[in-house]
Amino acid sequence: MPAPSSASAPARSPVGSFASDLFTSHLASLAAAPAWWLDRKRAAYEQFAGLPLPRRTDESWRFSNILGLSLDGYGLPAPATTRLAPFPISSAASLTFVNNTLIRGAAAESKLPAGVIVTTLAEAAVRHADLLQEHFMAQPQKLGSAKFAALHTAFVGDGAFIHVPRGVELAEPILIQHIASGAGAAVFPHTLVIAEENSRVCVVDTFVSDDAGAHFACGANDLYAGHGANLTYVGAQAWSRDTLSFQFNSTVVRRDARVQSLNLNVGGRQARHESLSQLQAPGGFSEMLALTVADRTQEFDQRTLQIHQAPNTKSDLLYKNALRDKARTIFSGLIVVDPDAQKTDAYQSNRNLMLSEEAEANSLPGLEIQANDVRCTHGATSSRIDPEQEFYLQSRGITKAMADELLTFGFFEEVLNRLENEELHAALRALIQTQFKKK
Amino acid sequence: MNPLTDTETLPSPDVDETAANPVAGIDQTRGDFKYDVAYEFDAGTGLNEKTIDYISDVKKEAAWIREFRHAALKTFRAKPMPTHWATRDLENIDFDKIRYYLAQGQKPKRTWDEVPDDIKKTFERLGIPEQERKYLAGVEAQFDSEAAYSNIKEIVSRQGVIFVNSTEGLREHPELFRKWFGKVIPTGDNKFSALNSAVFSGGSFIYVPKGVKVAQPLQAYFRINAENFGQFERTLIIADEGSEVTYMEGCTAPKFSTSTLHSAVVELVALKGAKIQYITVQNWANNVFNLVTKRGLAHEEAEIKWIDCNIGSRLTMKYPGVVLKGRKARGEVISIALANDGQHQDTGAKMIHAADETTSNVISKSISVGQGRATYRGQIHIPKHLKGCKNNTECDALLINTNSRTDTYPAITVRGDDNYVQHEASVSKVNEEMIFYMQQRGLTEGQAMSLAVNGFINDLARQFPMEYSVELKRLIDLEMEGSVG
Amino acid sequence: MSSLVIQDLHVAIGEKEIVKGLSLTIGSGEVHAVMGPNGTGKSTLAKAIAGHPDCTITKGDVILDGVSILEQEADERARAGIFLAFQYPSEIPGVSIANFLRAARQARLAEGEELDATAYYKRLYARMDLLKIDRKFTSRAVNEGFSGGEKKRCEILQMAMLEPRIAVMDETDSGLDIDALRIVADGVNTLRGPNLGVLLITHYQRLLEYIVPDFVHVMYDGRIVKSGGKDLALELEAKGYDWVKKDFATATA
Chain A
1 MPAPSSASAP ARSPVGSFAS DLFTSHLASL AAAPAWWLDR KRAAYEQFAG
51 LPLPRRTDES WRFSNILGLS LDGYGLPAPA TTRLAPFPIS SAASLTFVNN
101 TLIRGAAAES KLPAGVIVTT LAEAAVRHAD LLQEHFMAQP QKLGSAKFAA
151 LHTAFVGDGA FIHVPRGVEL AEPILIQHIA SGAGAAVFPH TLVIAEENSR
201 VCVVDTFVSD DAGAHFACGA NDLYAGHGAN LTYVGAQAWS RDTLSFQFNS
251 TVVRRDARVQ SLNLNVGGRQ ARHESLSQLQ APGGFSEMLA LTVADRTQEF
301 DQRTLQIHQA PNTKSDLLYK NALRDKARTI FSGLIVVDPD AQKTDAYQSN
351 RNLMLSEEAE ANSLPGLEIQ ANDVRCTHGA TSSRIDPEQE FYLQSRGITK
401 AMADELLTFG FFEEVLNRLE NEELHAALRA LIQTQFKKK
Chain B
1 MNPLTDTETL PSPDVDETAA NPVAGIDQTR GDFKYDVAYE FDAGTGLNEK
51 TIDYISDVKK EAAWIREFRH AALKTFRAKP MPTHWATRDL ENIDFDKIRY
101 YLAQGQKPKR TWDEVPDDIK KTFERLGIPE QERKYLAGVE AQFDSEAAYS
151 NIKEIVSRQG VIFVNSTEGL REHPELFRKW FGKVIPTGDN KFSALNSAVF
201 SGGSFIYVPK GVKVAQPLQA YFRINAENFG QFERTLIIAD EGSEVTYMEG
251 CTAPKFSTST LHSAVVELVA LKGAKIQYIT VQNWANNVFN LVTKRGLAHE
301 EAEIKWIDCN IGSRLTMKYP GVVLKGRKAR GEVISIALAN DGQHQDTGAK
351 MIHAADETTS NVISKSISVG QGRATYRGQI HIPKHLKGCK NNTECDALLI
401 NTNSRTDTYP AITVRGDDNY VQHEASVSKV NEEMIFYMQQ RGLTEGQAMS
451 LAVNGFINDL ARQFPMEYSV ELKRLIDLEM EGSVG
Chain C
1 MSSLVIQDLH VAIGEKEIVK GLSLTIGSGE VHAVMGPNGT GKSTLAKAIA
51 GHPDCTITKG DVILDGVSIL EQEADERARA GIFLAFQYPS EIPGVSIANF
101 LRAARQARLA EGEELDATAY YKRLYARMDL LKIDRKFTSR AVNEGFSGGE
151 KKRCEILQMA MLEPRIAVMD ETDSGLDIDA LRIVADGVNT LRGPNLGVLL
201 ITHYQRLLEY IVPDFVHVMY DGRIVKSGGK DLALELEAKG YDWVKKDFAT
251 ATA
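Chains as they are written, first to last, in the working numbering: chain A, 1 to 439; chain B, 1 to 485; chain C, 1 to 253.
Keep in mind the hints are simulated off the structure, nothing from the lab.
From a predicted model like this one, the values you see are computed outputs, not experimental measurements.
The beta carbon of each residue, even a glycine, is placed where N, CA and C say it ideally should be.
Any given hint might turn out to be false.
To be verified - Facing chain B, a subset of chain C residues (Cβ under 7 Å, in silico):
1) Ser90
2) Ile92
3) Gly94
4) Ala104
5) Asp129
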């Protein structure tokens with residue numbers, strides 16, 4: 001189908017605030033970093049500056065608000081502290097970054113099994129250079145944001161590096177908190193998780209603003225699940241309402257490994273999330289979950305890609321959006337089955353709950369199947385709360401507003417129930433509730 | 001589409017075994033023949049302003065049409081090939097090597113006796129005159145750029161139904177047709193609608209007066225006979241308030257070593273309470289680029305239904321659409337695509353909801369065989385403030401043999417909380433145990449595949465008029481027989 | 001008169017040998033029951049005779065009326081006269097029983113020869129009456145949404161219409177209640193006759209109360225370990241398969 005005709009936008013700077021002098025001063029702040037790391041960043045900056053901003057005719061930006069993507073008005077913030085309460089879950093270790101700088105690192109020593117590394121990227125660049133080189137932003141950018149991913153690599157200040165050695169299982173999650181503070185702050189959160197053979201780990205990333213300022217967030221997480229590993233990742237995004245946010249996920253699933261990821265999105269003015277799962281070896285399973293509560297004029301733009309590269313792999317995606325006010329959501333998901341990936345079992349579902357007259361949900365569920373012996377299905381629905389269910393609750397004396405809230409939470413519970421960790425489940429539910437009460 | 005020369009051997013309609021015989025001996029090359037024809041009018045090779053003036057001159061067109069064509073040529077040149085979302089195979093079309101207008105004359109004959117022998121024998125071989133006698137209300141048979149034959153049964157014309165070609169429609173009935181011509185599908189809708197608008201010739205212009213229900217289908221048959229040729233028919237059907245009409249089109253071409261282009265524009269207008277059913281069985285030779293724009297405008301309580309079967313061609317890109325303009329309008333697309341070796345069926349549907357309580361339904365089934373590729377693209381749009389709109393979309397793809405490919409790319413936009421949209425799609429392989437089961441009953445692998453495929457589309461094929469579902473089944477049998485072992 | 005001769009048959013599925021040297025001769029007019037515990041290779045034997053692509057014949061032969069059928073595709077074997085009543089018949093969505101059987105009949109005609117539709121329907125309805133099957137049945141898609149009993153009945157109807165020389169019935173009784181079992185058995189008994197040889201594969205003796213076999217063979221670990229008359233089934237019922245297993249263990253010790 002032809003793309004909508006492009007409206008001519010005023011020419012915008014392809015680098016915006018992120019001009020070369022800002023990059024130079026950023027490099028200057030990394031005096032202790034090894035040369036290869038700086039070279040990598042320089043190359044990334046060149047790539048960022050050389051690529052154009054997305055255009056309306058780009059298929060991978062279909063339905064996105066291109067005009068909202070301006071990179072002007074941001075700067076690299078000074079280090080700061082925060083008085084925000086930590087995310088309410090118990091953890092085996094936690095790191096807190098404010099404005100790209102580690103302010104708190106609490107590895108509860110007794111809880112962290114021997115050999116597990118939970119450290120910063122800065123330290124990893126020195127002490128675990130080989131692992132970092134192998135896994136940091138190593139996967140292809142296939143979902144449209146090569147430019148912003150390069151921006152992330154160029155400006156990433158610090159982030160979390162997690163390595164779980166072979167056979168080690170962690171009972172409690174590792175918590176990584178990323179905080180933006182001060183108007184105009186640009187942050188580049190990063191979390192890298194390497195789960196080696198038959199290990200088990202759960203990592204929670206939170207993204208919050210310390211104030212209601214206009215922030216720019218451009219984050220990434222790299223997840224690698226080795227042979228037989230079990231990796232759970234939860235991202236809770238609650239940036240300020242004035243934040244322009246990009247988040248890039250890459251998940252690599254090796255033989256018989258299982259990865260579950262759940263992204264909860266409530267914050268930001270315009271938030272784009274790209275998630276790439278590569279099922280590289282037989283027996284791999286990737287479960288991709290997302291919950292989004294969109295209100296006022298928020299735009300949530302989610303792009304996913306499930307690539308089945310080996311036989312007998314499985315993926316299961318469920319993205320749910322609840323839309324209120326004039327909010328917009330975009331879900332664009334693609335399942336790709338390579339020619340050799342026989343016996344693929346892939347599922348993809350996008351459910352939109354329309355809670356206002358002016359909300360807009362866009363769905364682009366896609367399939368590209370090149371193997372023969374596969375089972376792939378996808379579905380998308382957009383509908384309001386079922387009036388019959390609403391009536392049933394009302395007939396039991398529940399007010400309409402309360403009934404709607406109950407039913408909306410029921411809509412989310414289907415996803416939250418897939419989490420094993422009860423505490424995490426409760427914390428995410430509370431975050432959704434806060435978002436609902438804000439009105 | 002292949003013609004229905006075997007209708008007399010059909011089982012009686014009270015038996016549901018229309019799909020009985022998967023091994024009927026069919027002439028696989030029925031459309032693949034060619035008689036030499038001396039063309040009186042030839043616009044030459046390549047496309048420029050002179051080509052357009054030539055077409056306009058021979059058709060003795062009004063000035064506004066000539067201007068319309070010239071403006072469209074500019075639009076065509078300005079628009080890029082849509083390869084940013086579509087296949088790069090489009091780049092293999094060489095517009096400079098195509099002949100844009102070939103005809104023996106501009107006025108179609110009203111009786112088969114008057115049709116020149118060299119053209120008549122083509123249509124006789126395809127069985128058109130015979131079908132006309134049997135069950136059609138009217139027939140237009142286009143040979144390259146112009147209709148060689150066009151006739152409507154007297155009983156239908158007496159009801160005020162107009163069934164003419166595009167040239168005649170615009171010349172003789174401007175008050176009816178000019179109002180809607182190019183309005184449902186504007187010239188600039190896409191590169192190929194612009195190309196058609198520049199060089200269109202042939203096609204049907206139909207008007208059904210208020211309350212008239214045309215009992216039998218009107219049929220058009222499109223034949224490409226010349227090599228390096230482009231066929232650009234233009235069809236406009238207007239069903240006035242409360243009227244009903246069914247239109248069927250078929251097509252064939254001989255297989256040439258060079259590629260051929262077919263690029264039609266079809267506009268349907270269903271006024272209040274009218275019903276239009278438009279059926280296509282596309283069986284172009286597999287060197288034909290079939291790039292067609294089809295859209296209907298459904299007014300209040302009107303219904304437009306596209307039934308679209310794509311069996312032939314090298315590349316088909318076609319996404320029939322309905323703009324649901326009036327309250328309670330209904331739109332439907334039923335689509336079947338079979339992509340065999342060397343074919344790419346890129347089909348789908350577009351439903352634009354523009355009024356309250358409008359409903360749309362899309363059911364698409366595709367079969368990819370061997371190296372064939374099937375793609376579904378859909379667009380469902382429900383804008384702000386609409387109430388009570390519903391869409392249901394189902395896409396199922398069946399894969400046979402190893403190298404086929406299937407893609408599904410729907411796009412759904414919904415605004416507001418009082419509308420309901422549902423999309424489901426699945427891709428699966430033909431079940432090996434099922435094939436073995438059938439082989440154990442004595443069917444060859446090809447026959448078993450053929451039955452499996454016919455079973456897969458059976459619920460859709462049932463919606464076709466009887467003659468068409470039989471024809472479709474035969475075409476599928478042919479394709480499947482050739483594809484296995 | 002027809003005969004199916006199975007000679008020292010060895011069948012593997014994948015790398016694993018399942019049938020390990022089985023010999024058996026079935027003549028027209030005879031009903032042979034093959035009984036045995038689960039996992040002993042009974043269904044593999046049935047599939048191998050029918051030519052299922054998963055089965056690799058590593059040794060031995062299967063001969064129908066003097067001709068080895070091992071090189072034939074499944075459909076050639078079927079047309080030669082082998083019928084397999086499946087334990088789990090496939091569903092064929094959108095294809096009615098009438099159309100399916102018509103296609104199968106057509107496939108048995110010489111090239112260019114057209115099936116006489118009138119005669120076909122006459123025959124179909126006669127067979128359905130014989131088997132007490134409702135006429136409406138044939139317009140349903142093959143096995144789609146059928147109950148266990150309906151699926152088995154559909155198998156019997158196909159057998160009646162395709163007139164095989166040798167019918168292999170794989171666990172025809174599985175999943176059937178006693179009423180359904182009786183109906184199926186009645187069908188088989190109706191079709192039983194001098195032109196049909198039957199190989200009845202079953203786990204339970206109860207089917208043999210309704211279809212009385214001429215010969216009973218006990219299969220264990222991929223081969224026949226005991227053969228006898230119909231009384232063997234009763235003995236087996238009384239003593240259980242452990243008896244065979246024990247016997248077999250002593251025999252191979």
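Verification of the supplied hints:
no.	hint	in the structure
1	Ser90	holds, 4 Å
2	Ile92	holds, 6 Å
3	Gly94	holds, 3 Å
4	Ala104	holds, 4 Å
5	Asp129	violated, 18 Å
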